[in-house]
Amino acid sequence: MLRDAWLIAVKDLRIEWRSRVTLSQIVPFAALVLVLFGFALDANRPVLETATSGLFWVTVMFVAIMAVQRSTAVEVTDGARRALLLAGIEPIAVFVGKTVAIAAQLLVVQVLLVAGVIVLYGASVDQWVLLLVTCLVATVGIAASGSLLGALVAGVRARETVLPILLLPILAPVLIGATRAFDDALGSVAVDGWAWLGLLAGFGAINLVLGALAYGVLLEEI
Amino acid sequence: MTKINQTASAPTGTGSRFTFWLGLTVIVGVVVLVLLGFFAAPEDDEQGDAVRMIFVHVPSALLTYVAFSVTAFGSLMWIWKRSVWWDITAHAAAEIGVIFCGLTLFTGSVWGRPTWNTYWDWGDVRLVTTLILFLIMIGYLSIRSSGGDEGATSTRAAIIGLVAAVNLPIVNRSVEWWFDRTLHQKSSLTDGNLEDMTLFSLVVGIAVWAAFFLWAMIHRFRIAWLERELRVGDLNEAIAERRAEALQDESTQR
Amino acid sequence: MVRLRGVVALLGRFPALTGVDLDIDACEIVLVQGPNGAGKSTLLRVCAGLLRVESGTAEVLGHDLSVDRAAVRRSVGLLGHDTALYDDLTVVENLQFWAAASRVSPESVLPALDRLGVAGRLHDVAVSRLSAGQRRRVALAGVVVRRPTLWLLDEPHAGLDQRGRDLVDQLVVDAAHAGATVVMASHELDRTVDLATRRVTVAGGTITADHRVIRPESGTHDAS
Chain A
399 MLRDAWLIAV
409 KDLRIEWRSR
419 VTLSQIVPFA
429 ALVLVLFGFA
439 LDANRPVLET
449 ATSGLFWVTV
459 MFVAIMAVQR
469 STAVEVTDGA
479 RRALLLAGIE
489 PIAVFVGKTV
499 AIAAQLLVVQ
509 VLLVAGVIVL
519 YGASVDQWVL
529 LLVTCLVATV
539 GIAASGSLLG
549 ALVAGVRARE
559 TVLPILLLPI
569 LAPVLIGATR
579 AFDDALGSVA
589 VDGWAWLGLL
599 AGFGAINLVL
609 GALAYGVLLE
619 EI
Chain B
2 MTKINQTASA
12 PTGTGSRFTF
22 WLGLTVIVGV
32 VVLVLLGFFA
42 APEDDEQGDA
52 VRMIFVHVPS
62 ALLTYVAFSV
72 TAFGSLMWIW
82 KRSVWWDITA
92 HAAAEIGVIF
102 CGLTLFTGSV
112 WGRPTWNTYW
122 DWGDVRLVTT
132 LILFLIMIGY
142 LSIRSSGGDE
152 GATSTRAAII
162 GLVAAVNLPI
172 VNRSVEWWFD
182 RTLHQKSSLT
192 DGNLEDMTLF
202 SLVVGIAVWA
212 AFFLWAMIHR
222 FRIAWLEREL
232 RVGDLNEAIA
242 ERRAEALQDE
252 STQR
Chain C
17 MVRLRGVVAL
27 LGRFPALTGV
37 DLDIDACEIV
47 LVQGPNGAGK
57 STLLRVCAGL
67 LRVESGTAEV
77 LGHDLSVDRA
87 AVRRSVGLLG
97 HDTALYDDLT
107 VVENLQFWAA
117 ASRVSPESVL
127 PALDRLGVAG
137 RLHDVAVSRL
147 SAGQRRRVAL
157 AGVVVRRPTL
167 WLLDEPHAGL
177 DQRGRDLVDQ
187 LVVDAAHAGA
197 TVVMASHELD
207 RTVDLATRRV
217 TVAGGTITAD
227 HRVIRPESGT
237 HDAS
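Chains as they are written, first to last, in this note's numbering: chain A, 399 to 620; chain B, 2 to 255; chain C, 17 to 240.
Since the hints were derived computationally from the structure, they do not count as laboratory data. Just so you know, not all the hints are guaranteed correct.
[To be verified] Which residues of chain B face chain A? A few of them, derived with a C-beta cut under 7 Å, are:
1) Leu77
2) Ser110
3) Leu136
4) Ile137
5) Gly140
6) Leu142
7) Ser146
8) Arg157
9) Ile160
10) Ala166
11) Val167
12) Asn168
13) Ser175
[Stated by the list, open to error] Here are the simulated distance ranges between beta carbons:
14) B:Arg114 to A:Ala556: 23 to 29 Å
15) A:Ala438 to B:Ile28: 35 to 41 Å
16) A:Arg555 to C:Gln178: 38 to 44 Å
[What the hints assert, rightly or not] Straight-line C-alpha distance at most 20 Å; calculated SDA-like pairs for lysine to any residue:
17) B:Lys82 to B:Ser70
18) B:Lys82 to C:Thr213
19) B:Lys82 to A:Glu618
20) B:Lys82 to B:Gly152
21) B:Lys82 to C:Phe30
22) B:Lys82 to C:Gly136
23) B:Lys82 to C:Val83
24) B:Lys82 to A:Leu611
25) B:Lys82 to A:Val445
26) B:Lys82 to C:Asp84
27) B:Lys82 to B:Val31
28) B:Lys82 to A:Gly614
29) B:Lys82 to C:Ser82
30) B:Lys82 to B:Thr26
31) B:Lys82 to C:Arg119
32) B:Lys82 to A:Glu619
33) B:Lys82 to A:Leu617
Just so you know, even glycine gets a beta-carbon here, dropped at the ideal spot from N, CA and C.
Can you make the complete structure from the sequences, with help from the hints?
Written out as structure tokens, the structure is:
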């Protein structure tokens with residue numbers, strides 16, 4: 399299973415690298431959102447600094463939707479889903495592989511977003527370890543639920559517009575938890591960030607299991 | 002799949018003796034509830050007359066979660082046993098649940114206004130969680146109406162139902178922690194002690210709304226069931242038609 | 017190899033197959049013909065274990081499809097109308113991925129590409145830059161690589177030039193000789209009639225004609 403999952407993850411990332419969608423579209427989009435927030439909040443430094451955690455993670459949510467859409471679209475073109483079934487790969491492997499690929503892309507964007515908020519919003523990082531671990535753990539949860547819901551909407555007519563409706567409410571705990579953890583890491587609010595990581599880890603674990611169980615069911619309904 | 006007996010008389014409505022009496026009970030119950038709610042129950046010390054919202058807000062909140070649980074369980078039964086009965090029940094419960102959910106949110110919002118001069122109380126953990134649930138259920142219904150292969154739609158909706166059911170406690174916990182661990186205030190409109198009469202009226206209210214819920218569920222279920230029967234009947238006809246045209250082609254070619 | 021009895025299959029609500037009875041033995045080359053919309057593609061997909069059998073029994077390569085559809089997939093090679101190739105990857109990368117996914121040695125990729133006449137200079141070209149005919153050849157190479165016991169080809173000649181069509185014919189004959197069974201849906205009756213050992217006509221989702229083909233060598237034939 400792990401071998402197959404690796405195969406899928408490498409395939410997805412290779413396609414990403416070739417098409418450069420992440421680099422040329424998603425990253426600029428993320429940067430653009432940061433700038434737009436700056437405009438919207440009147441470049442008010444204190445406000446931006448306080449709101450940094452929230453703005454960061456809302457941006458990540460938008461980016462996640464794009465990444466999931468892309469990951470799903472790759473398999474929809476030209477009957478690849480059917481071929482995956484025929485090849486006899488276990489659905490769990492496809493799920494894990496695609497989750498890893500989405501997570502990798504999200505992490506790349508988050509690294510750049512951290513740089514972005516430091517530059518644009520004047521954020522200063524008090525606890526780097528907490529920051530990085532939060533990004534990692536939150537991303538696992540986002541990628542897992544995104545991967546599952548992406549596969550779910552793959553066969554649906556209006557899939558671009560229905561995915562956000564489904565995914566964003568589910569990701570609410572991640573938004574709440576990651577933002578609080580970031581607040582601690584950025585030293586802007588007196589919060590115990592590490593406690594929130596427990597919640598994020600729980601979310602990630604539960605949705606990984608959920609995805610592993612449900613993915614096969616979805617893949618069969620072509 | 003069963004063939005329907007096309008010589009039997011088709012039902013002209015989804016009513017029955019049971020639903021008739023049930024409906025009557027609901028109407029009587031509503032009248033009783035209004036009397037109790039407006040006249041018998043006393044006004045609250047803090048909230049004044051606004052506390053009467055409780056007779057709508059609490060039952061609809063309860064029934065929202067009952068409906069959602071039915072949807073979640075029905076989703077499980079569809080995936081596990083491919084039970085059409087449970088699939089239809091899950092769908093019906095989701096539709097009616099959304100209405101109760103909307104009612105819960107609306108009454109929660111309106112209730113807060115006279116008490117705290119605000120339309121939305123972020124500090125009410127349950128209310129915030131219910132809002133998320135509302136959005137998820139909208140998503141569920143959206144998938145249901147997305148058309149295409151029926152079995153596939155049922156499966157997708159079922160997965161959403163289960164994903165939501167598993168994640169909702171996490172949502173609730175995270176919102177709760179949000180208020181526990183930060184400087185925000187938690188609050189709730191219904192935590193205070195209730196007068197005896199209010200409590201009694203509340204119980205009556207829950208019973209009345211539950212009866213209404215049951216009534217609506219039965220009708221909705223029957224409509225969906227009849228629709229499906231119609232489609233199955235069509236299926237057997239469609240198969241026969243398709244085969245017939247094939248043989249026709251054959252004979253015209255010879 | 018294949019035993020279908022009263023198979024009904026649905027595409028959404030539409031009964032694509034309305035009751036199919038079919039028996040296919042090993043090493044046969046079966047031509048499936050019929051008008052557009054008759055259900056030929058659906059029949060192939062059912063045999064590949066991709067579509068649920070709504071009613072009836074279906075046994076393919078010893079697997080009961082109503083119990084476990086997934087088991088038969090590894091032994092089957094399906095060439096559909098789509099190519100299942102990733103646009104951004106090269107020809108070789110695509111086939112290596114599918115070979116690895118199907119648990120086939122990656123060394124069989126290059127010989128398969130040669131067999132299908134895909135020129136060496138195209139190997140490292142992204143699939144999006146190939147012509148439709150070239151993509152079809154690569155897709156066929158993908159089937160060849162799997163070395164399936166049951167070949168299910170949906171219009172294999174479509175979009176190919178003369179040489180390509182000859183190659184397909186040779187592939188089919190070689191496969192049958194090697195012990196595989198080939199089921200081909202095709203409109204190219206001139207070519208396939210000479211290849212096939214059996215001709216099956218599908219119309220309205222069911223089999224309307226089923227003949228064993230007379231060959232001078234084989235002697236008697238039976239038509240049903």
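Comparing the hints with the structure gives:
Checking Leu77 of chain B against chain A: minimum C-beta separation of about 11 Å lies over 7 Å; hint violated. Restraint check, Ser110 of chain B versus chain A: the minimum CB separation of about 18 Å is more than 7 Å; hint violated. For Leu136 of chain B, the shortest C-beta to C-beta distance to chain A is roughly 4 Å, which falls under 7 Å, so the interface hint holds. With its C-beta approaching chain A no nearer than about 5 Å, Ile137 of chain B sits inside the 7 Å limit, and its interface hint holds.
Taking 7 Å as the C-beta contact cut-off toward chain A, the hint placing Gly140 of chain B at the interface holds, the least distance being around 4 Å. Given hint, Leu142 of chain B at the interface with chain A, is violated; its Cβ is 10 Å from that chain's nearest Cβ, farther than 7 Å. Given the 7 Å rule on beta carbons, the hint for Ser146 of chain B is violated: about 10 Å separates it from the nearest Cβ of chain A. Satisfaction of the interface hint for Arg157 of chain B is found here, the shortest Cβ-Cβ separation to chain A being roughly 5 Å, below the 7 Å cut-off.
Given the 7 Å rule on beta carbons, the hint for Ile160 of chain B holds: about 5 Å separates it from the nearest Cβ of chain A. Restraint check, Ala166 of chain B versus chain A: the minimum CB separation of about 10 Å is more than 7 Å; hint violated. About 6 Å separates the beta-carbon of Val167 of chain B from the nearest beta-carbon of chain A, less than 7 Å, and the hint is met. The criterion of a C-beta within 7 Å of any C-beta in chain A is met by Asn168 of chain B, whose closest approach is roughly 5 Å, and the hint holds.
Hint status for Ser175 of chain B relative to chain A: holds, with the closest Cβ pair at about 4 Å, below 7 Å. For the pair Arg114 of chain B and Ala556 of chain A, the supplied restraint of 23 to 29 Å is violated, since their beta-carbon distance comes to about 36 Å. Distance hint check for Ala438 of chain A and Ile28 of chain B: the Cβ-Cβ separation is about 51 Å, which falls outside the suggested range of 35 to 41 Å. Separation of Arg555 of chain A from Gln178 of chain C is about 40 Å and conforms to the stated range, judged on CB atoms against 38 to 44 Å.
Proximity of Lys82 of chain B to Ser70 of chain B is assessed by CA-CA distance (about 18 Å); at most 20 Å being required, the pair is judged to hold. Our distance criterion of 20 Å between C-alpha atoms is broken by Lys82 of chain B and Thr213 of chain C, whose separation comes to about 43 Å. At most 20 Å may separate the alpha-carbon atoms for a hinted pair to count; Lys82 of chain B and Glu618 of chain A meet this at roughly 16 Å. Restraint check: the Cα-Cα separation between Lys82 of chain B and Gly152 of chain B comes to about 13 Å, which is no more than 20 Å; the hinted pair holds.
Taking the CA atoms of Lys82 of chain B and Phe30 of chain C, the gap is near 23 Å; set against the 20 Å cutoff, the hint is violated. Restraint check for Lys82 of chain B and Gly136 of chain C: not satisfied, since their Cα atoms lie roughly 52 Å apart, outside the 20 Å limit. With a C-alpha separation of about 14 Å, the suggested pairing of Lys82 of chain B with Val83 of chain C holds against the 20 Å cut-off. With a CA separation close to 16 Å, the supplied pair Lys82 of chain B and Leu611 of chain A stays within the 20 Å bound.
Distance hint between Lys82 of chain B and Val445 of chain A is unfulfilled; the C-alpha atoms sit about 54 Å from each other, more than 20 Å. For the proposed pair Lys82 of chain B and Asp84 of chain C, the alpha carbon gap of about 15 Å is at most 20 Å, so the pair holds. Our distance criterion of 20 Å between C-alpha atoms is broken by Lys82 of chain B and Val31 of chain B, whose separation comes to about 39 Å. Annotation: proposed proximity of Lys82 of chain B to Gly614 of chain A holds, straight-line Cα distance about 16 Å (limit 20 Å).
Restraint check for Lys82 of chain B and Ser82 of chain C: satisfied, since their Cα atoms lie roughly 14 Å apart, inside the 20 Å limit. Between Lys82 of chain B and Thr26 of chain B the CA atoms are separated by roughly 35 Å; this puts the pair beyond 20 Å, and the hint is violated. For the hint linking Lys82 of chain B to Arg119 of chain C, the alpha-carbon distance of about 32 Å lies beyond 20 Å, and the restraint is violated. Simply put, Lys82 of chain B and Glu619 of chain A have alpha-carbon atoms about 15 Å apart, close enough for the 20 Å limit, and the pair holds.
The suggested pairing of Lys82 of chain B with Leu617 of chain A holds, with an alpha-carbon distance near 18 Å, which does not exceed 20 Å.
Violated hints, in rising order: 1, 2, 6, 7, 10, 14, 15, 18, 21, 22, 25, 27, 30 and 31; the structure is consistent with all others.
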